[in-house]
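Going line by line, the protein sequences match chains D and L. With positions in the first sequence counted from 1, the corresponding number in this note's numbering is that position plus 654. With positions in the second sequence counted from 1, the corresponding number in this note's numbering is that position plus 133.
Source of the hints: derived by calculation from the structure; they are not laboratory data. Don't take every hint at face value.
[What the hints assert, rightly or not] Derived EDC-like pairs: lysine to aspartate or glutamate, alpha-carbon spacing no greater than 20 Å straight-line: (1) D:Lys695 <-> L:Glu220; (2) L:Lys285 <-> D:Asp1372; (3) L:Lys285 <-> D:Glu1378; (4) D:Lys1350 <-> L:Glu183; (5) D:Lys767 <-> D:Asp745; (6) D:Lys1435 <-> D:Glu1301; (7) L:Lys285 <-> D:Glu1330; (8) L:Lys157 <-> D:Glu782; (9) L:Lys157 <-> D:Glu787; (10) D:Lys695 <-> L:Asp221; (11) D:Lys681 <-> L:Glu232; (12) D:Lys1313 <-> D:Glu1084; (13) D:Lys684 <-> L:Glu220; (14) D:Lys900 <-> D:Asp871; (15) L:Lys267 <-> L:Glu183; (16) D:Lys684 <-> L:Glu232; (17) L:Lys155 <-> D:Glu708; (18) L:Lys209 <-> L:Glu254.
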Amino acid sequence: MSRVAEYVQIVEEVFHKKPKEYLVIGKTVKKYNSLELALGKPVYLADYINRFKELLWLKTVRSPYAHAKIKRIDFSEALKLKGVVGVVTADDVPGSKNIGYVLPDQPVLAYDKVRYHGEGIAIIAAVEKEIAEEAVSLVKVEYEPLPVLLDPLKALKPDAPKIHDKGNILTRFKIRRGNIEEGFSKADAVVEGEYRVNQQEHAYIETEGVIAIPEPDGTITLIINTQCPFDVRRDVSRATGLSFNKIRVIVPMIGGGFGGKEDVLNIIGARAAIAAMKFRKPVVLIHDREECVLDHSKRHAGIMRYKHGATKDGKLVAVQGEIILDTGAYASLGPFVLWRATVHSVGPYVVPNAKIDSVLVYTNKLYAGAFRGFGCPQVAFAVERQMDKLAEKLGMDPLEFRLKNILREGDQTVHGQLLDHSVGLEDILERLGKASNWKQKRAEYEKFNRETKGVIRKGIGLAIWWHGNSIGAEGADYSSAVIIINRDGTITYRTNITDFGNASPQGHIMIVSEILGVPLEYIHIERPDTSAAPDAGPTVASRGQVMGGNAALVAAYKLRQRLNQVAADMLECSPDEVVIKAPDVYCKSDPSKRISWRDLVEECFWRGVPLQEIGYYRAPRAIWDDETGQGQPYFTYTYVGAIAEVEVDIETGKVRVTKLYGAFDIGKVINRVGLELHAEGGAIMSMGYALTEEVKYDENGLVMNPNLYAYYVPTILDVPDSIEYEFIEAGFKRGPFGAKGFGEPSVEPWHPAIANAIAYALKVDVNEIPATPERIYRLLKKAGLLKI
Amino acid sequence: MSEEYPLIPVKFVVNGKEVEVKVKPYERLVDTLRYRLGLSSIKEGCGRGECGSCVVIVDDKLVPSCLMLTVQVRGKKILTLEGIGSEDKLHPIQKAFIETHAPQCGFCIPGVIMAAYWLLEVKKNLNPSIDDIKEALSGNICRCGSYFRFIKAVQLAAEELRKMKKI
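All chains should be built: construct the whole structure from the sequences, respecting the hints.
And the structure:
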C-alpha cells in the first residue's frame, strides 16, 4: 500500500499549475476583520462576560515560595467573607491530578509541594471579582521552605536537591555525524565559546482567561483564549474524567499568543472546568498581569558551549556543541523545545562532522515551554556568534564566509536529509548584502570607530537561520478545514487553526478564494469550535498556513471539481474549460457562454451535488534516530536572514538599533500583508530579546519583574529608523501554492545580527543576551575599553 | 463587600451622551465603561497603567481607565473609540489603520487609536513629526510589533485631516 494519498496529489498538482495571474494569492488585501479591528469590535474573552447574567469569579491562591512543602491550608477566614461561594483544591480534581503536554508532571493545583514562585494552590470562587481577590488574601498556607535551585549547572549535579522525584534531568538528545576528531584535525582555525540566554516573557497584552459553563446535559463548554483548542479538550478530559465528546471548546479572538497561550490554558481550563462542575454555575477566571507573568511558560534560558573548526579556505569541517536548556519547574513543552534546538543546532550550514549533546534540566524558575522560535532563537544566537568569530579568525568577511558554507539544493543537512528543492539561502545572502550596502558600511563604520572622539560606536552585523516547518517528529502532524457553500452563494469557512494576530486564517480564505474563484467578501470565517469542525492540530510551530492552508486547499479543490462538472453541463463545455470569476461563470473558449455563480450553486442544490467538504492533510512523515540524530526531522525548512545596524553609547552602554534589513525564503507569498507584519513585528520582538527582555529572579527564586514596567518590552520609542525586507519564493511542492511557514522564523535572524553588530562596533565578544547596558559595561570593562 | 457599601450614583458624559450609573465606591472606570455601559472596545491588559490598551480621553487628558475610579469622573466628559467613529462614518485615523494594515491581534488597537486621536484632534497637532507620534504613542505597548505601521497610519490620518480642515 504505497499509493500516494489523494490530498498529497492535490497539493502538488496545485503547486505545479502556476497560473499567469492569481486572483488573490500574493496580493495586498485587507484582513477579513480589518473593519472590526479599527472599530474595536472583535470579541475577546473578557467581552463575553456581559453575556452572562450570573458568573462566579475565580481567583487563584499562589505560592510566595519558589520551592516549599505545603504543610497546611486554612480557608476558614476566606470562607467567612460574604459572597465567597467555595474553594477548589487538588482534592477536588476528579481525574488525573497531574497534566502536561509532553509528560504529566504538572499538578492542576499544587499538592504536597510547590516548585515555582506563583504556582497555583487553590481556587476561590466568589460572586464578585473583588471579593474573590480579598478572599485569596485571607487564605493561610503554612509552608516549609526547601532549597531553591536556580542555576541549571548546579541542578545537573548528582547531589543536587531533587525538584521532582525522578531527579532534575528530564531528557537528552544528540547528533552524531562523521567523525568529530578527524574533522577538527583538518581545521586550520578553531573557535570556542560559551553563550548564555535568559528567559523571555511573551507579554501578550491580553492575559489568559476562560469562561466555563456547565451544561444541563452534563457536558461542559469552555470559552477560552487558547491557541490550541484540542489540547485544552484533551487535558480538561484528563483532569475531569469527561470524555472528549462532552467537552466543547470555543475560541474567541485572541489578544496575542506567540506560543505562550498553549499549555497554560490547558491548566486553567481544567481549573475552571472543575470549579464550574463543583458549583454548578458558569465561572470566569482571568489572570491579572502579575499572574500572567508568573503562571505561563517562558522562553527557555540556557547555556551553550560550542567549538567550530574550519579550513583556511573557509570550509566548516567540524562543529561540537553542548546545549543546556533550563526548563524551570515543569516540563511543559520543554522536551520538544530541546529537540528542535538540537535539530537546528549547527545552523543552516553544510557540516560534515558534528557532535551535539543537549540536555533539559529542571530548576525552580517559572516553567519554560513554547515561545515563537521554540529553541531556535537560543542556538541561533550561539551559532551565529561563532560563525562571526570564526570568519574573523580566518580573516574573512562574515557574509563571504557564510556563502562558502550555506546549504544549497542537493546538499545534505547535518541529519543526512537531502534538500532536493526549495533552499533560498544564497539568494538571501546576496540580496541582504546588496540592500544594506554591507561591504561599504563595514568599512565606513570601522573607519568611524577608529577616528571618532565621541561616545558613539557604530556596528553592522549579519545572521541567517533556518526553521523546520510544523511539528516534525514531535507527533502526529495533520490538519483539517471545513468549507460550506451556502444556498445563497456565500461561503462559511471553519478552521480550528486559531487567530491570535497570526496570518493563517486569512491565508486560508485567500487559498479558498483563489481555488473556487470567488471574491474574499463571499467568505465568512467562523470562530474555532471543537464541536463545529474536526481537529486541525495545534496552532503552533509555524504550521497554521502550511498545514491548515493545505487542508483548506484540499477542501476547496474537491468542491471546485464538483462545481466544474455541473457548470460544464450548464455551459455545454468541458469541465477544464470552466472559468469561475464569481459572480460570473463562463466557458474559457467561448466567454459568451455564461451563467452566474448563484445559478451554479442553486443548480448543485437541485441536482444533489453536495457543496460542503472537510479538507484533510497529513504531513509527510518525519524520521529521527535517537542514537545518531540522523533522519528527516522536518519535511521542509524556511530560511531567513537579517542585517542590523546599531549605535552603541560607550558611556551609558545603551544600544540603539538604527536600521534593519531582512530577506526570507518563505516558499511562496500567499498572504502578503500577514508576512510583512510578521517580518516587522518579528524584528521588534527579537530586538527586545537581544537588548532588554529578561525575567529576573532574586536569590530565593522570586520573580522581580512580573509586570510591564520592569520587564522591558520594546515600545514605539525603540523602533529602528527603518526596516527593509524582501521575500524569496523558492517554492515548496508540499506547501499550499508552494508556501512555507513564517510565524517563528520571523523572530530568528534579528537578535544574532544585532549581537554581531554590537560585537563589531565594540570589538568585544557579546556572549550573553539581552545585551543590557550593564552587560555592555562589563564587556567594555573586561576588554579594557572603559574610559572611566 | 458590595453588601457593605451602598452603590453610588455618578453622572458624566460618555461619547457625547449624559449617563447616570450606580457604581461600587471602589469601581474602576474601565469596569464601569466595559461592564455597565457595554463599551467593550476598551481593553484591559495590565490593570496598572503599564500597557495603554485601556486609555480613554477624560476632559482632554489621555488616561488609563484602569487607574481611575468611576467616582472620580463625576461631571467629566469621556471619549472612547466608540465615540470617534462608526461603521458608516469611520474617523480618518480608523481609515488609516485599515489602509496601513496596522492591526495584528488587535488588542492594543483601541488604545493606540485613542492616543493618536489625542495627538491629532485634542492637541490639534496636524503636522506631527515622527518624534511627536512616537511620544504620543509611547504609552501603548503593541507586542505584535506594528509600530512601523502606527507611524505611517498617524501620518496618513494627519494628512487626511489637514485636507478635511483645509489646512
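Hint by hint, here is what the structure shows:
1. D:Lys695 <-> L:Glu220: Distance ~10 Å between lysine 695 of chain D and glutamate 220 of chain L Cα, so the pair holds.
2. L:Lys285 <-> D:Asp1372: Cα-Cα ~16 Å, so holds.
3. L:Lys285 <-> D:Glu1378: Holds. Lysine 285 of chain L to glutamate 1378 of chain D sits at ~15 Å (cutoff 20 Å).
4. D:Lys1350 <-> L:Glu183: Roughly 18 Å between the alpha carbons, so the hint for lysine 1350 of chain D and glutamate 183 of chain L holds.
5. D:Lys767 <-> D:Asp745: Status holds; Cα separation ~14 Å.
6. D:Lys1435 <-> D:Glu1301: Holds. Lysine 1435 of chain D to glutamate 1301 of chain D sits at ~18 Å (cutoff 20 Å).
7. L:Lys285 <-> D:Glu1330: Given that 20 Å is the threshold and the Cα spacing comes to 14 Å, the pair holds.
8. L:Lys157 <-> D:Glu782: holds (11 Å)
9. L:Lys157 <-> D:Glu787: holds (15 Å)
10. D:Lys695 <-> L:Asp221: holds (14 Å)
11. D:Lys681 <-> L:Glu232: OK: lysine 681 of chain D and glutamate 232 of chain L at ~14 Å, within 20 Å.
12. D:Lys1313 <-> D:Glu1084: Given that 20 Å is the threshold and the Cα spacing comes to 18 Å, the pair holds.
13. D:Lys684 <-> L:Glu220: Holds, at about 16 Å.
14. D:Lys900 <-> D:Asp871: Cα-Cα ~9 Å, so holds.
15. L:Lys267 <-> L:Glu183: holds (16 Å)
16. D:Lys684 <-> L:Glu232: holds (8 Å)
17. L:Lys155 <-> D:Glu708: holds (19 Å)
18. L:Lys209 <-> L:Glu254: Satisfied, since the Cα-Cα distance of roughly 18 Å is no more than 20 Å.
In this structure, none of the earlier numbered hints is contradicted; all agree with it.
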